[in-house]
Amino acid sequence: MLTTVLTLALLCPAEVRDSDLDRLRRQIVPSTAEQAWLRLDWEVTLWDAVVRAQKEDRPILFYAMNGHPMAVC
Amino acid sequence: MKSFVCVADEMFSLHNGSGPEAELFQALARAGFAGGRRGTTQQGYYYFTPSGQLLASDNSRDPLRVARMMDVALARWKALPRDRRLLPRTPETNPGGRSRGESHYPADGLVLRQFTRDLGASRRTLGDLEDPWNTDMVWISAAEVRRMVPATARKGDRYAVPESVIQRLARLHLVDSVLGQTSPFQPRSVTEARLEVEITERNADEVRLALTGRTRASEGTRSIDLRLLGRATFDPRTNRFTSFELFATGTRTGRQPQSYIRDEAGRGEIGFAFILAGDSKADKVAPSYFGAYGWR
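Top to bottom, those sequences are chains A and B. Be aware that the first sequence starts at 1, since it is given in our numbering, and climbs by one per residue. Be aware that the second sequence starts at 74, since it is given in our numbering, and climbs by one per residue.
Everything labelled a hint here was simulated from the structure, so no lab data went into it. Hints should not be assumed to be uniformly reliable.
What the hints assert, rightly or not - Here are the computed lysine-lysine pairs in the DSS-like style, where the Cα-Cα straight-line distance is at most 27 Å:
#1 B/K354 with A/K55
#2 B/K75 with B/K354
#3 B/K75 with B/K151
#4 A/K55 with B/K151
#5 A/K55 with B/K228
#6 A/K55 with B/K75
#7 B/K357 with B/K151
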């Protein structure tokens with residue numbers, strides 16, 4: 001009987017509980033403060049920055065990384 | 074920073090590619106702190122004019138040093154006459170020879186922002202970062218979305234997410250990138266990849282989904298074993314998700330193949346979150362391993 005119950009528990013899809021998802025969100029998703037740099041007014045391609053800077057007559061600050069800084073780096 | 078147009082971009086492809094955008098960066102790199110030399114990292118900060126003149130460059134994590142370099146760049150900018158700091162005319166928005174993954178952005182599909190970080194007692198540190206995390210973007214096409222939420226699906230139905238979606242997640246996204254960019258898994262290295270949908274509610278305005286699954290992958294010195302759990306809400310009138318959260322948690326073992334990733338723990342708990350992305354420019358960046366999506 002116990003074996004059957006355990007087997008069924010392993011085979012059945014996990015129950016999706018809001019409380020579990022909320023806890024995982026708190027544990028994994030960075031806070032607003034941690035994500036603050038992502039939310040600055042970035043252009044995300046070098047060329048787009050040149051086009052915009054030309055129009056606005058401003059210098060360009062280019063943050064260059066292996067892997068896009070807004071993705072995996 | 075408000076004095077500048079700030080841009081963040083991936084420099085490896087610019088350093089090694091071709092076309093006007095790559096050539097611009099290569100010229101900046103040659104004039105910059107690392108001289109554009111092969112085998113030497115060109116990562117860092119470059120301050121330059123729209124006309125392509127380098128004002129300053131550096132590679133530093135010291136905020137005061139970065140701020141001083143910004144002041145130097147601004148002073149040099151202000152000393153330049155307009156006809157030297159600007160191009161004769163506004164450049165084309167998308168010049169010929171420029172190839173970007175961003176041009177394949179699935180505006181009618183599903184775009185998720187991914188976060189990856191360690192969980193539990195065996196969290197790793199990265200320099201002075203006590204709780205490092207990394208991020209990425211996930212793209213799902215409109216055709217894949219239609220298969221995720223078929224018009225004929227009813228409350229209580231259970232079915233698998235398209236194989237293409239879960240395989241991409243398992244290979245390209247559910248990789249341990251907490252301490253830095255690592256390699257995706259080869260297709261043969263994914264030993265299990267399943268993600269199932271259950272329709273928990275359906276009416277004319279809304280479809281609610283529960284997501285459960287598991288992925289496992291093993292390759293070389295590393296392996297990962299994850300359980301997936303999530304929820305989503307879909308609007309059948311617009312064929313778009315209005316909310317989406319998918320989490321993957323489990324165990325990572327072994328060491329990453331990259332020598333620059335110093336992983337002393339070798340085993341620990343890891344978590345991934347995939348959250349509905351917004352509409353900002355940052356959320357329209359191509360996934361890191363978009364080249365392996367097969368969409369080009």
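Pairwise hint evaluation, A/K55 against B/K354, where the allowed Cα distance is 27 Å at most: holds (18 Å)
27 Å Cα cutoff - pair A/K55, B/K151: Between A/K55 and B/K151 the Cα gap is close to 17 Å, so the pair holds against 27 Å.
Hint consistency between B/K357 and B/K151 [alpha-carbon to alpha-carbon, up to 27 Å]: Between B/K357 and B/K151 the Cα gap is close to 33 Å, so the pair fails against 27 Å, i.e. violated.
Check whether the Cα positions of A/K55 and B/K75 lie no farther apart than 27 Å. holds (15 Å)
When you check the alpha-carbon spacing of A/K55 and B/K228, does it fall within 27 Å? Measuring from Cα to Cα gives roughly 53 Å; hence the hint is violated.
Given the proposed pairing of B/K75 with B/K354, does the C-alpha separation stay at or below 27 Å? Holds. B/K75 to B/K354 sits at ~17 Å (cutoff 27 Å).
B/K75 paired with B/K151 [C-alpha distance capped at 27 Å]: Holds, because 15 Å separates the two Cα atoms, which is no more than 27 Å.
When held up to the earlier numbered hints, the structure conflicts with 5 and 7 and fits the remainder.
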